[in-house]
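> Chain by chain, the residues:
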Amino acid sequence: METKITTKKELDYVFTVRDVSVSYGDFTAVKNVSMDMFKNNITAFIGPSGCGKSTLIRSFNRMNDLIPNAAVNGEINYQGINLYDKEVDPVQVRRRIGMVFQKPNPFPKSIRENITFGLKVNNMTDNLDDRVEKALTQAALWDEVKNDLDKNALDLSGGQQQRLCIARTIAVEPDTILMDEPCSALDPVATKKIEDLMQILVKDFSILIVTHNMQQASRVSNYCAFFTTKATDDGRRTGELVEYSDTKTMFTNPSESLTEEYISGRFG
Amino acid sequence: MNNSQLLKGSKKERELKELAFLTILYLCVTVAIVTLMTLIYDVISTGYSRLLSDYELGLINKVTIDNPKDFLTSLDSRDPLKAGIGPAFAGTIWLMVIVIASTFPLGAGAAIYLQEFAPRNKLTRFIELNLTNLAGVPSVIYGLMGLAVFVRLAGFGRSVLSGGLTLTLLILPVVIVASREALKAVPDTIRQGALALGSTRFQAIFRQVVPSAIPGMVTGMVLGLSRAIGETAPLIFMGALTYVNYYPDTPLSGFTAIPIQVYNWIGYPQSEWKDTSSAGIILLLGLLLSMNALALIIRNRFEKDW
Chain A
1 METKITTKKE LDYVFTVRDV SVSYGDFTAV KNVSMDMFKN NITAFIGPSG CGKSTLIRSF
61 NRMNDLIPNA AVNGEINYQG INLYDKEVDP VQVRRRIGMV FQKPNPFPKS IRENITFGLK
121 VNNMTDNLDD RVEKALTQAA LWDEVKNDLD KNALDLSGGQ QQRLCIARTI AVEPDTILMD
181 EPCSALDPVA TKKIEDLMQI LVKDFSILIV THNMQQASRV SNYCAFFTTK ATDDGRRTGE
241 LVEYSDTKTM FTNPSESLTE EYISGRFG
Chain B
1001 MNNSQLLKGS KKERELKELA FLTILYLCVT VAIVTLMTLI YDVISTGYSR LLSDYELGLI
1061 NKVTIDNPKD FLTSLDSRDP LKAGIGPAFA GTIWLMVIVI ASTFPLGAGA AIYLQEFAPR
1121 NKLTRFIELN LTNLAGVPSV IYGLMGLAVF VRLAGFGRSV LSGGLTLTLL ILPVVIVASR
1181 EALKAVPDTI RQGALALGST RFQAIFRQVV PSAIPGMVTG MVLGLSRAIG ETAPLIFMGA
1241 LTYVNYYPDT PLSGFTAIPI QVYNWIGYPQ SEWKDTSSAG IILLLGLLLS MNALALIIRN
1301 RFEKDW
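If you read the sequences in order, they're chains A and B.
Numbering of the first sequence is given in the numbering used here, commencing with residue 1 and proceeding in unit increments.
Numbering of the second sequence is given in the numbering used here, commencing with residue 1001 and proceeding in unit increments.
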């Protein structure tokens, strides 16, 4: 009976994180994180600047590989596979686990080419037009751009650019989307559109979002992880996971006093 | 303090100082512009009659001794009124083609490697430092090297190929540095965006980063090229001919180039040679200015506001 429950639970997790520390050279950015993230849910990482939440999310699709000296210790299991296993190809990881960045970063090309680039490098070139339309529709952008697919993506507004970045991410059919403060460069109207979009996307994708904005975390997420920084012996600051629970509990009845202080605005 | 003095300072005095300083700056600009304009005016006023003869202006319909034939296409001559810049013009075109063909792959390749792939270690830094140093080496030194390597060692002789390759070496450091700057200007978020979609490093670099940097790379290349065609010293050192009475027809032909031809003409005593030289200078200036304009157009047309 117990085994059965464990198996079922493992299948429900998109990531299981065990004792993960991320460091740059001799500086540890975040340490000893253990948590399990549920599939088809929105998990938010909140916490003050420098608490390592962005660093951590970037190790979930091995974007940290691009930074010299970056090292990930511990285990990040994605559907039961350790992402940092020697056999694992980071290119395949990123194809399955998409990422949307803080600042909208469309390629300086047409809207269509922004979507087709990912499709082409992943050999998904059948029905290109259909795939473009589907991705843009899913990202709630199709109606605004369907007549301008050959327009340069840099001519779109910031909010549209960010939805285009979401569209090109979901075009390659990942199952998880990492969002690193996706709304921090956007105005409230554009932010609301992205938040509404996330509620639709979560039916098909597992979403991890890093946000500075506690209201955003409470609005959009099902689960919430609160990180903070603690001074280490050498005087530098290292991020730590303080509390991880469902969002409602965290915002109404946090178990740690640090969490309560942060949420009620007494620090951070 | 008396209230009438409130908000009143030494406004007049300050304005006077500012005016004086602005006048000095204005003078600096004027000196540069006036010098250039005088030079251009002088050259055009002496040279235009040779560049466009009465025949070409349509005033007469026959070439005579007094009305020399086409300056741009005719061969060099001992008679200043008959001497044309044809072979030198052709030599310069040959040089440009060879320089473009060899600089583009070498310059772009080196820049892409150094900027995108090279590990950040001592060797890379040493190479970078030396690239900057090479850009400052006097051009005659490249002429000596061209003579030793291309003319003698490679056995290309004193040919237009040797000349083009020598000029390639001359502008390569500048082109590599400019191309690297163009690559550096492509934001990292573009690389990350491409990688996050499951592209490989090569795909991210060659399908997103390099195409975005091409306008900047081409601009650097055109500016390098315009420097190359104005060079005289390395070509003379390398052994380019000064009196050429034929068009170069293969890469291994002997050749001369516009600046060498002008340098040669200007040494003759007869005063008519002054007009002929000026006509050559107009042609060279026209080539240089149009290439710089092309670089400007490419930069403005394709410049991206990230």
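Worth flagging that the hints you see were computed from the coordinates, not collected in a lab.
It is possible that some hints are incorrect.
[Unchecked claim] Keeping only pairs whose Cα atoms sit at most 16 Å apart, straight-line, the calculated EDC-like set for lysine to aspartate or glutamate is:
| no. | chain 1 | residue 1 | chain 2 | residue 2 |
| --- | --- | --- | --- | --- |
| 1 | A | Lys146 | A | Asp126 |
| 2 | A | Lys103 | B | Glu1303 |
| 3 | A | Lys31 | A | Glu173 |
| 4 | A | Lys109 | B | Glu1303 |
| 5 | A | Lys203 | A | Asp26 |
| 6 | A | Lys230 | A | Glu243 |
Please read all numbers here as calculations on a predicted model, not as lab measurements.
> For which of the previously enumerated hints does the structure constitute a violation, in increasing order of number?
1, 2, 3, 5
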